[in-house]
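With chain A fixed as given, assemble chains B and C onto it according to the hints.
Below are the chains, spelled out letter by letter.
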Amino acid sequence: MGERGRRPVLRDEVITLAHGAGGKATRDLVEALFVEALGNDALMPLGDSAIVRAAPGRLALTTDSYVVRPIRFPGGDIGELAVNGTVNDLAVAGARPLWLTAGFVLEEGLAIETLAAIVHSMAVAARAAGVTVVAGDTKVVERGKADGLYVTTAGVGILEHDLELVPASVRPGDRVLLSGTLADHGMAVMIARGDLHLEGDIESDTAPLHELTAALLGLGGGLRWMRDPTRGGLATVLNELADQSSLAVRVSESMLPVRPTVFAACEILGIDPLYVANEGKLVAVVAADVAADALALLRAHPLGADAVEIGVVEQEPVAMVLLDTSLGGSRIVDMLVGDPLPRIC
Amino acid sequence: MCLGIPGQIVEIPDRAAGLAVVDISGVRRSVSIALVDEPALPLEPDDWVLIHVGFALGRIDEEQARDTLDLLRRGAELEQELDVIRRGTIA
Amino acid sequence: MKYVDEYRDPALARGLSSEIRSLVVPGEVVRVMEVCGGHTHTIYRHGLEDLLPPEVELVHGPGCPVCVIPMGRIDDAIAIAETDGVTLATFGDLLRVPGSRGSLLEAKARGADVRTVYSPLDALALAVAEPDRHVCFFAIGFETTAPATAVTLVQARDDEVANFSIFCNHVLIEPPLRAILETPGLQVDAFIGPGHVSSVIGTDAYRFIPEEYARPIVVAGFEPIDLLQSIAMLLHQRAEHRCEVENQYTRVVQTRGNDRAMAVIHETMQPREEFEWRGLGVLPWSALAVREAFGAFDAERVFTVPGVRVEDPRACRCGEVLTGQIKPWECGVFGTACTPERPIGTCMVSSEGACAAFYSYGRMRQPDTTAVSITRTTPTARG
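Protein chains in written order, with my numbering: chain A, 87 to 431; chain B, 43 to 133; chain C, 254 to 636.
Source of the hints: derived by calculation from the structure; they are not laboratory data. As the structure is a computational prediction, the values presented were derived from the model and not from experiment. Where is the CB? At the ideal position from N, CA and C, for every residue including glycine. Be a bit skeptical, because a hint or two may be false.
[What the hints assert, rightly or not] Using 25 Å as the maximum straight-line C-alpha spacing, the simulated SDA-like pairs for lysine to any residue come out as follows:
1. A/K231 / C/E335
2. C/K255 / B/V63
3. A/K231 / A/M341
4. C/K255 / B/A107
5. C/K255 / B/D109
6. C/K361 / A/S151
7. C/K255 / B/I102
8. C/K580 / C/R468
9. A/K110 / A/K225
10. C/K580 / C/E594
11. C/K580 / C/R284
12. C/K255 / B/E86
13. C/K255 / B/I127
14. A/K110 / A/H283
15. C/K580 / C/L379
16. C/K361 / A/A221
17. C/K361 / A/H283
18. A/K231 / C/P384
19. A/K231 / C/L379
20. A/K231 / A/G195
21. C/K255 / B/S72
22. C/K255 / A/M341
23. A/K231 / A/P343
24. C/K255 / A/P343
[To be verified] Computed, partial: chain C to chain B, Cβ under 8 Å:
25. E259
26. S271
27. T336
28. Y371
29. S372
30. L374
31. A378
32. T436
33. G438
34. Q482
35. T503
36. N511
37. A514
[Said to hold, decoys possible] Footprint (simulated), chain A over chain B, 3 or more residues, beta carbon under 8 Å:
38. 62 to 73
39. 114 to 125
The shape of chain A in the complex, shown without the other chains (with noise of 0.2 Å):
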């Protein structure tokens, strides 16, 4: 460990098998990059673990993988998704956001430049939401692996109220709201991949939820469930729901957000928004009637500036979700079979 104040200076260009090896080269690489980024009182010891001080109560813990391709895309790159979807993922929990960890595997040849570019969106994005990154680890494998960089990071966060924000606290009447426009990320990350040879101005909304998912615990026993629609999109999340809780869901097509160029790019590629991941948006069901009050306080936040109420849960058909379409029929939306894949029929 070198000397507070004295941090070595990387002069390598590019990520080699060394750096991943633990010694030395590992040690620069960690101080000068890493720590220089994301130093805390928490993580500067570099033990073996970082140890914390909690208040006794209900932690909640998260894991997550970061495997996009391109590494960074329009609205955002992988480090900085990586922080948001941790947060995030705690967040929804009903937790307030702590601690995370950080495993990168780097691939051999991956540029210092652009390890330093993540490494930095990394730190910005942990301040912004209020947490430090108190542990990490660097392995570096063969040229052609990781595509760049993967991340693994886990997330630590307290819960601080007694509500139970699981399936089962869902009734028939509570309604669902939606904090914004949908598949903004998933689009502008499929864009950025270049082999569609689309262009287009649409950016990842990836964000920290952790101020909106606060002012919704607020109102107490009206606050149901919360989940980010990542993966998979809106319709896998609302399909877990009324698959978990044995109820139905209907929604709403006309009061679903989506933006303008991103709906377009959708019908192009003949994808449905529904199934596109989001990286910055929050799904809340609430009774209905705090459900004016938590638009309301999402509406109050810039993240929640164009939220509205979707839909709302029935007793049945059990476990299935429904879409209104503005035609003024009605269909399934089903589970996703597989990845969106753009069609020409």
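Just chains B and C now, kept in the frame of chain A:
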């Protein structure tokens, strides 16, 4: 076979190669106009075409579209009035 | 989106729904077949059946060029993809279609280089960008898509691209229509014609339907309003004792079609004497093959494909579903052994197949089998 989307020609960077850029509500793509561009009736920016798998398959006739919609709107109004009569309600 | 939003206007839909209700004769069922998978998709996506009276019954036809590809041809594509140094470029629709040993997606998982493209031109560009690999494009689709492949072939020849081929599975619309119309016990009274195929082949191509088979056909666009208007037009024909080809999709389709598109198809491809259609059997002169002049780009000449015919499981009743003789839920394996995740037959294979569409979007309406028969008593008062 069926997914065709209306798009507007934005520019024709290489007419000889049959390539144009279309805009669909802010999403842009290069498409082939080989199937619709004719010397006698060249495609121009602001024209609307139907796009399928990266090709303009046909032009969209703005006048036909308007006629159809006008007809449908008049029809919808008429149906509304007829419905009222059928249900025996006095408007 | 211009030319889309206007054709999804709920007020216009209500007007057409009302008009359709006023046109049916109470208790007299009219069975309308929409041929094209894209129309099936629109119907289910927007819940259009809820806007139709019970007297209008929709039968979902075989116009899904993905569904009709026999398993043996999927096996051939996989064999091409598994060849060393080959990249198979394909539309997303085909990735999950099962052959006899799994799908292209599963072949990819085993190491085959399978890539999704939006356009055949992107496949050609891939070949140009990667001269060390051979790029083979899995070409499917009716006459809508064949011109795109054809132009791509011409460009490949003009640009002298040496590492590109197409595996040609383009099919033609008339033969399956005839096969359906020739089916004894056919339960279809009228047709909704495929709008985008028609933008290429024109509308006169369908005259044989009213003239030889006494059924009207309206060529329709793909938005909900297009379909509703087309159904209204068909009902008007019946009410006025007319039986003819009509064009609802006038903003795109011209009577003569697209001559340049037809010409470039003809320049590069020729009809095959026979081609097998899943669910319909072998149909003569129903598909296209690459012409000899473009033989260097014909995957069937460049590669030796297994070319093995694979039978559908005996439990499969897709042929009867496709001709309107039974409904999806009347097939013994529907929803049990045959689901979108594990399809047995063509109707379940792509999301436009009659069974897949019903299963994924409409199964909350699953009636008991008795409800299908005409048990209406007195006509409900319509005011």
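Hint by hint, here is what the structure shows:
1. A/K231 / C/E335: holds (21 Å)
2. C/K255 / B/V63: holds (17 Å)
3. A/K231 / A/M341: Distance of about 42 Å is beyond 25 Å: violated.
4. C/K255 / B/A107: Holds - the C-alpha atoms of B/A107 and C/K255 are around 11 Å apart, at most 25 Å.
5. C/K255 / B/D109: Distance ~15 Å between C/K255 and B/D109 Cα, so the pair holds.
6. C/K361 / A/S151: holds (23 Å)
7. C/K255 / B/I102: holds (11 Å)
8. C/K580 / C/R468: Holds. C/K580 to C/R468 sits at ~21 Å (cutoff 25 Å).
9. A/K110 / A/K225: holds (14 Å)
10. C/K580 / C/E594: holds (20 Å)
11. C/K580 / C/R284: holds (12 Å)
12. C/K255 / B/E86: Given pair C/K255, B/E86 holds - Cα atoms ~18 Å apart, limit 25 Å.
13. C/K255 / B/I127: violated (34 Å)
14. A/K110 / A/H283: The hint is violated at about 43 Å.
15. C/K580 / C/L379: Status violated; Cα separation ~43 Å.
16. C/K361 / A/A221: violated (37 Å)
17. C/K361 / A/H283: Judged against 25 Å, a Cα distance of about 22 Å means the pair holds.
18. A/K231 / C/P384: With a Cα-Cα distance of about 23 Å, the restraint between A/K231 and C/P384 holds, given a limit of 25 Å.
19. A/K231 / C/L379: Status holds; Cα separation ~22 Å.
20. A/K231 / A/G195: holds (10 Å)
21. C/K255 / B/S72: holds (19 Å)
22. C/K255 / A/M341: Within the cut-off at roughly 20 Å; holds.
23. A/K231 / A/P343: With a Cα-Cα distance of about 38 Å, the restraint between A/K231 and A/P343 is violated, given a limit of 25 Å.
24. C/K255 / A/P343: This hinted pair holds, its Cα atoms lying about 18 Å apart.
25. E259: Result: holds, 6 Å to nearest chain B Cβ.
26. S271: With a minimum Cβ separation of about 4 Å from chain B (threshold 8 Å), the hint on C/S271 holds.
27. T336: violated (25 Å)
28. Y371: holds (6 Å)
29. S372: Holds, because the Cβ-Cβ distance from C/S372 to chain B comes to roughly 3 Å (cut-off 8 Å).
30. L374: Holds. Min distance 5 Å.
31. A378: Violated. Min distance 10 Å.
32. T436: Result: violated, 22 Å to nearest chain B Cβ.
33. G438: violated (27 Å)
34. Q482: holds (7 Å)
35. T503: holds (4 Å)
36. N511: holds (6 Å)
37. A514: holds (5 Å)
38. 62 to 73: holds (count 7)
39. 114 to 125: It is violated: at least three residues are needed, and the segment 114 to 125 of chain B offers just 0 whose Cβ sits closer than 8 Å to chain A.
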